[in-house]
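Asker: Next come the chains, spelled out residue by residue.
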Amino acid sequence: MKSVDRRAKPILTPAKARLAAGRMGPLWLLLFRLAPPSWSDYVIKHWSGRGFVVAVPYLWLLLFFTAPFLIVLKISFSERLIAMPPYEPLFGWVDDIPVVLEWSFSSVMAFLSSIEVYADLDKYEFLLKNTLYIESYVYSIWVAAVSAFWCLMIGYPMAYAMARCTPTWRNVLLLLVMLPSFTSFLLRVYAWMGLLKSNGVINNVLLALGIIDEPLTMMNTDFAVYIGIVYSYLPFMILPLYTNLEKHDPTLLEAAADLGARPVKAFLTVTLPLSMSGIVAGFLLVFIPAVGEYVIPSLLGPTDQLMIGRVLSDEFFNNGDWPVASAVAVVMLVLLVGPIMAFQYFQSRGAEEERK
Amino acid sequence: MSRRRGLFQPLSLVLGFAFLYLPILSMMFFSFNNSRLVTVWDAANSPTLKWYVKLFENDQLLDAAFLSVKVGVMTATGAVILGTLAGLVLARFGPFRGRAILSGLTTAPLVMPEVITGLSMLLLFVAVEQAFGWPAGRGQMTITLAHITFTMAYVTVIVQSRLAGFDDSLEEAAMDLGARPVTVFIRVTMPLIAPAILAGWLLAFTLSWDDVVISQFTSGPGASTLPVYIFSKVRRGVSPDVNALATMLVLTVAIVVFVGAWIMRRQERKRDREIQLAIAENK
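Which chain is which? The protein sequence lines are W and F, in order. Sequential numbering from 1 applies to the first sequence in the working numbering. Sequential numbering from 1001 applies to the second sequence in the working numbering.
None of these hints come from the bench; they were simulated from the model. Please note that a few of the clues may not be correct.
[Said to hold, decoys possible] Per the computed footprint, the stretches of chain W lying under chain F, defined by three or more beta-carbons under 8 Å from a beta-carbon of chain F, are:
| no. | stretch |
| --- | --- |
| 1 | 68-79 |
| 2 | 128-141 |
| 3 | 188-195 |
| 4 | 213-225 |
| 5 | 241-255 |
| 6 | 263-271 |
| 7 | 324-334 |
[Claimed, not checked] Pairwise CB distance ranges, derived in the manner of DEER restraints:
| no. | chain 1 | residue 1 | chain 2 | residue 2 | range |
| --- | --- | --- | --- | --- | --- |
| 8 | W | L121 | F | I1263 | 25 to 33 Å |
| 9 | W | V138 | F | I1255 | 56 to 64 Å |
| 10 | W | L252 | F | A1173 | 54 to 62 Å |
| 11 | W | I134 | F | D1167 | 49 to 57 Å |
| 12 | F | D1042 | W | P302 | 41 to 49 Å |
| 13 | W | M153 | F | R1273 | 26 to 34 Å |
Note that the coordinates shown come from a computational prediction; the quantities given were computed from them, not determined experimentally. For every residue, glycine included, the Cβ atom is placed at its ideal position computed from N, Cα and C.
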């Protein structure tokens, strides 16, 4: 502050700077400096209607999809407070807010050195040292992978059979696959509660038929979670597989048969490799959301082994520990970045294949 | 070879669809059961409609349903506007700086676990409220904003794939005839993608209507949507009136979807016939 050169014409009056340097201070000042003098000319010249059309969805997604993640990241570095909101700010001022009158190196340094950083990695250390969290992550990934595998096992034959039907039947079957996913997801999971509980439909039927003597325990087990996820996400597996399999040229299989390949061999060497992108897309479309699944394990899952989505919401709603919940979310996102990128890659590759 | 194929494929379809539909049918069946135990059939007093009557006496549930409808309509409308713009940009504007980022941003919400989206949305609203004093508290407004964000991705995908199905020769012809871009969009592009826009609206509405997790994070006390209400109820176990509610919802959706599919099919056929006629006349 002392080093400010008084002879230079001030860019901002101290009062204005004080105002600006409130919450968003550093950012505003930086933007103000970086904007070229002919900023408004630039906007008028380059932002035609086309620019506007691009800008609207872009800005919306940046504001409501990207910015929230930055906030989650920020809160995961902060300390818990018993207040509303229950976390400490990451930055504070050492004493008085410094006023930048001239954009010189020394004044910037004075400005920066008066910012105190409270950020720490405590929360991440806590997560990594606590076996409860690590077990939950591993368990979630395992459950999601097993469920996605069974989705594939059930969905592939269905998609394959649908792709071989006549066009009229295809549309009807496609509608029938989609229909359950248009009805309530929550209520479809709920339907399984009625089937799986100890005096539920499955046990009653098996007891009546004399197949079992006492009711099976199916609710609140891993098995129930697998069933719930496979059941809810099956359409997401069938659709990408079907769109892929439908495009296959049947003459390829005929050619394979003419060359003496038996049906199984023809399937393994022709159809399966061609449908790989559909398999990967379907698998990821089930796997990624299933890792963070919250509703299904809450209703059907075991109470002693929690999936990570449940842990996150418990930390948030029951314990009110926002920083830990945020750190849980950040670690989950880091684990899922790879699969999400892979999905995007296959998605765009599929779109390009379609264009050709 | 043909014999094995002839048996395996229908079998997998029958078993697969049985797996998809039997739980729903069983849930609907037991909604007519008189017993509180839901899945133990009370043969003496069933079938009964008493759980359906109870639904309409439950004010809390009716309020939640009304809020869900309001949020759903606003969400679907907002998502269709933003999603159509994004789909148009991605399908028609060719390469521009930041296209890859936009494309990534529109597909990421499709696979993002809901707990992460919900948590981050809530934290955004809290931070914005702290900084600007708006939105004051959480309720209808914040739920709608969050729902628009995650549903617009679906609309974008639908509109984009619909646009990819047409080449831009019609739009170019209109441009050559001197139409301004906005006119081209309203008179040429919009009618072409109208089915996609309608489908997108319906999909956004159902996604919003059905969402539990994001609503739970972004709703405040006193403003719970229907799924949030049902979720808090079924966490305590099965209850017969939820079966009745589910039956009504499933039947409504089934009717809307079948009627919608039928209308779209008819429109498509009409359009095809008109194109055929136009080609025949010009010959």
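Asker: None of the hints should be skipped; say for each whether it holds.
Answerer: Against the structure, the hints:
no.	hint	in the structure
1	68-79	holds (count 5)
2	128-141	violated (count 0)
3	188-195	holds (count 7)
4	213-225	violated (count 0)
5	241-255	violated (count 0)
6	263-271	violated (count 1)
7	324-334	holds (count 5)
8	W:L121 <-> F:I1263: 25 to 33 Å	violated, 57 Å
9	W:V138 <-> F:I1255: 56 to 64 Å	violated, 44 Å
10	W:L252 <-> F:A1173: 54 to 62 Å	violated, 38 Å
11	W:I134 <-> F:D1167: 49 to 57 Å	holds, 53 Å
12	F:D1042 <-> W:P302: 41 to 49 Å	violated, 31 Å
13	W:M153 <-> F:R1273: 26 to 34 Å	violated, 43 Å
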